[in-house]
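The listed protein sequences correspond, in order, to chains A and B. So in the numbering used here, spot 214 of the first sequence is number 655, and the numbers just go up one at a time. So in the numbering used here, spot 145 of the second sequence is number 700, and the numbers just go up one at a time.
Calculated from the structure, these hints are not laboratory results. Fair warning: this is a prediction, and the values are worked out from it, not measured in the lab. Hints should not be assumed to be uniformly reliable.
To be verified - For lysine to any residue, the following SDA-like pairs were computed, each having C-alpha atoms within a straight-line distance of at most 20 Å:
hint, chain 1, residue 1, chain 2, residue 2
1, A, 823, B, 592
2, B, 695, A, 816
3, A, 828, B, 598
4, B, 695, A, 809
5, B, 689, A, 816
6, B, 689, A, 828
7, B, 614, B, 586
Unchecked claim - Partial selection, computed: residues in chain B whose CB lies under 8 Å from chain A:
hint, residue
8, 594
9, 616
10, 620
Beta carbons: idealized from backbone N, C-alpha and C, even for Gly.
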Amino acid sequence: MTGAAAPAPGLGPIDVEVLRKDFPLLSRTVHDRPIVYLDSAATALQPRQVLAAMDHYYETTHANVHRGVYATAEESTALYERARVVTGRFIGAPDPAHEVVFTKNTTESLNLVAHSWGRANLRAGDAVLLTEMEHHANIVPWMILSEEVGGLDIRYIPIDADGRLVLDDLDTLIDGVKVVGISTMSNVLGTINPVSHIAEVAHRAGALVVADGAQLVPHAPVDVTALGVDFIAFSAHKMMGPTGIGVLWGRAELLDAMAPFLGGGGMILDVKLDSFRPAPPPARFEAGTPPIAEAVGLTAAIEYLSDIGMDRIRAHELALTNHALARLDEKLGTDCRVFGPPAGDDRGGVLSLAYRDVHAHDLAQVLDQFGVCVRPGHHCAKPLMRKLGVQATARASLSLFSDEHDIEVLIEGLLEAGRLFG
Amino acid sequence: MADLEELYREIILDHYRSPRNRGELDSPPAHRVEGFNPLCGDEVVVSMVVENGTLADLKIAGSGCSISQSSASLMSAAVKGKPVGEVRQLINTFKGMMTIHEASLEHDGDGADEPEEINLDKLGELAALQGVVKFPVRIKCATLSWNALAQGLDEVAAEAS
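Chain A with its partners taken away, still in its complex shape (with noise of 0.2 Å):
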């Protein structure tokens, strides 16, 4: 392989041969083919010691949380904490137990963040500074809340040929915002952006910055004080936990000062018949029965992510996305299109192709067929796609599982597919 990071010190190489085996996914056939599983960046894949720990959790622990006093609600709601905490400490956050918030998925993160710190904080006319490449879920948000508060001021870092942001003009482009929404990594393009910088930029102007972690923090590893950003929002299922559960790390500060967003049980300190009185974070932003074995399974992926080392997964996953980029160049030449910056160290494992005129679609049928898993379409980042001169990509995107195997039976899919529409 080529360009590969060095390993933290110490450890090894992860042995990809060995990690397969915890994917109970991965030992199926697809058209009697094995699967070869490309869509990480659309949903993960989960070990055998994420189900065992949410199926533990049912067989012997199921309550509600936060309100029985009973030995089962008790042991619930201490796992339900303990999750937070793990969730908080894996992404070096300062007060978890107060600062990391459940919620759904990603997106019910960011909307969220422009919800309740939006509707607060921000007027008719306010700026607000996303990138060209996010995606709709750090977008449409802001634009409902335009809508709501009589028109933002809603403007875009532009990016340049290799998918990466330009930065040139942002001292004139962050004047008067308010808030800056950025992906740390693109869905799309793999860009992982410089975040930290742009943070600092920002903060100097006034501005917060609300960080869409869903693509990063699967896969590399993530301090929220070194990216020094003031909200990151991530999904469980993308970093090889269950669906139904999201994150909002959020500064303890601004948790304290924000509006609650969903009004329900479990989020007051006390309701009258004429009022209530909202509980403190992050229970204020937990309206409802929370996902519990969700939670539990987030732990369990947490620590199974970090059993492995998160620096040694990004190691990996970018020495085989350079080595993918190499080999689809040398068997695939210029009929092969991939977006996103060049190998190297800005670069995550997302691989959004173009073959030759094959539209997206077909190229993914006809990889279906060789039991490739990538997916077709706009990725939820149409405005990207508009910007590219593209109407879908096919996109392939690695894990810790994936190897080089994988590439060469990608390959060999884009080959037939060449053959058929050629």
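Dock chain B against chain A, hints included.
Only chain B this time, still in chain A's reference frame:
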């Protein structure tokens, strides 16, 4: 790859590579309808002229996958110049073919509620698209232009009344 060859029949690939009735008609007088598949971004623009109860002219624009584009091309060849009543029948027959799969799943083949028999002979070249029903996600690709055409005919009829 047998399923794949059934999906991507030669006639489909031919219409994809060399689409018939490509372009847009001046609107007005032509009636113009856009169809979008929000899931994948496929777009189709159907412009049509209805004269004396006949679909006198029709052109297809837009872009998308082989299934959406070939289905639109095949449709244009099948309906152009036909009486509107016949076109509507063909739309129903085609959409019926595209829903066979769902119906057979629902009824689990017990024979009691079999969907109405679709006469594939009536469909001519369009029958080549029947392989799509094995790939349920792609049915929306195949029906995109047909839905736009049906909507257009409804709108023209509403304007006239």
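Item to complete: Mind listing which of the numbered hints don't hold for this structure, in increasing order?
Response: Numbers 6, 9, in rising order.
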